[in-house]
Amino acid sequence: MATELSSPVSVTSQIDGKTLTLETGKLANQAHGSVVVTLGETMVLATAVMSSRPRAEDIDFLPLTVDYEERMYSVGKIPGSFFRREGRPGQDGILASRLTDRSIRPLFPKGLHNDIQITLTILSSDMENPPEVLGMIGASAAIGISQIPFNGPIASCRIAYLDGQYIIHPTYEQSTESTLSMVVSSSRDAILMVEAGANEVSEEVILEAIGKAQEANAATIGLIEELANKVGKPKVEVDYDYAASDAVVNKIKEVVGTRWSDLLAKNPGMYEMDDGEHQISALVTEALKEDYSKTEIGEGFKAVFREAVRGRILQEHVRSDGRALDQVRPISCDTGLLPRAHGTGLFTRGETQVMSIVTVGSLSLKQTIDSVGPDNTRRFMHHYNFPSYSTGEARRAMSPGRREIGHGALAERAIMPVLPSEDDFPYAIRIVSECLSSNGSTSMGSVCGSSLSLMDAGIPIKAPVAGIAMGLITGEDGEYAILSDIQGIEDFLGDMDFKVAGTADGVNALQMDVKTTHLTPAILKEALEQARQGRLHIMSKMNESISEVRDHMSEHAPKMIRMKIDVSKIGALIGPGGRVIRAIIEETGTTINVEDDGSVTIGGVDSTMLGLAQSRVDALTRDLAIGDIFTGKVVRLTNFGAFVELVPGKDGLIRNGDLGDIEEDLAEGQELTVIIREIDSQGRVNLSRKALFGDDSPPAPRPEPSGGFNRDRGGDRGGRGGRGGDRGPSRGPGGPGGGGRFQGGR
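Oh and the sequence shown: position 465 is 465 in the working numbering, straight run, nothing missing.
Source of the hints: derived by calculation from the structure; they are not laboratory data.
DSSO-like, lysine-lysine: derived pairs with alpha carbons at most 30 Å apart:
1) Lys18 <-> Lys77
2) Lys230 <-> Lys26
3) Lys110 <-> Lys253
4) Lys235 <-> Lys302
The whole structure should be built from the sequences, with the hints applied where relevant.
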């Protein structure tokens, strides 16, 4: 029997004046849930699929995968890769995947171990409305209409703060120009995920933005519910076998006795805590293995462990390592550790240690991005590495995963607002943060280490930046505890991971993941204020190591010269096939970057060669004037004088009477220092040596003999052909030193 084609079903709503549409039934109907989300001309296909049975009986995590697929056809482009097809997701795609994953993961039932795959495919991008938030909405909608168990729906939006106004679903341009760009995921009752980049905004602006975003999300949730009511499937019943029975928990408490409280009373460090936990776990497993399954024992043990640690915090206001709730671990900072690096910052906070190393280079080293968004280059890059030895583990080294890329991007957003502009500091900047030891909040350690390294490198940042990770423990009766500078165990057992980074004047970056529905605006406000106090404390410790940007850069760092040339001169500088600019680069050992607006950046370590390259560029691109002095090569001899190449493609004539006493010794290839004596109405340049030195001119360096002065090499000045009417065809450089060298003014 033939399968009937389903009819498309769509719902539409106005969100802050913009039309948002959800449609299902037209595309990808074999997926368990399939929704196309449209805003403007940006379209994202979101699909959700769940395996029919659990992956394995003994796993203790949700095997959820979110794939964000950027298709270049969505913007009418062919991929720029060698194979001309999309490959692994880039940084933007990975960050979009993480936004969706972090938003939906807490809402699947605990104990659900079936494989779940969410695929978000960009079908169309109008280069105005960003697709990542549409993918997040689509994921919630696709799961909502499917049979997959889910405690949703939720919705997401981006909100920008621009010129004192809050904008829901801002365009790319509005987000770029705003002082705050934030993504918020929420249910009707609770905030679930926040990710923000800002430019020293106040905590009050952030709080108000979160509230307005939640209001907008409520309207989108209504749209998702409307679609689910029309086409939603009954949810699958799954035997989760999750919650530990009271009998198991009570038996474990009986076996453990006071061991947990005794261990916590010692205020153990990370390794002492791990050792104690393993010993107690082994004791419990041995005592209960005959009567209970491995899963029951494991879930019961986690419940007792969680109760012991959280209970001490809530009841005694003492943390597992003995700190007060708002106390930051001991901090030490150092700079200038690596002699050949351009800048180094070592930041240690408790058992977390990060070393950040900054390298500067030519603007030609900016990263080129092949994506569906408008940004195609990145001048500042922050890369975060998390090796296994940082936690005392032995495992195979891998390429950076999604976590590393996400943490690197968070620190990058925190540092970006304080960097000098490209005009003021014409360098590409790369920071690598090496996590040398980890017990919580290495991403914020990377922010602090990066700030130290930039100051050590002499890069004129606007202000130091520090970051802190906050936590939250909530009780059943409304009690709560906000924790400053959380460590690993508090992140694992807590209800919130809230990272805040910024300067003394405001917040630059924020990331929040919530695992509870008890987070109220009042708690969030208190957490932001406590984070501000912690950030200022950390900054004061950093200032004890280095309080001002160094007044010089490393001797090993390249030096940069920024010039501006007329756009019409770009072709003359580059030359046919790039020959002219390559000759300058080879001669001077510098890097030269030319932009479409005529900006030229020259970089090199050797100051002498840097100056030579600058003079070459200046001579090639400036308008010649009477009184300019050049050193150039003789390129042709005639019976009335010689032609001297001033710059590649431009010669001048020096007549015999202007040569002085070297007339009889002149040869092709010989260098002469000359002054421009005249530029006639046709642009022809007449030179003089006598006007500089008189008759007693110094001897000019001679090349190897090549025939001497041949007065029979042309009958008149026009014998060289029609270069611009009179000078013959352009030659281009003849290798290093081939062009003239501009030496001064009139």
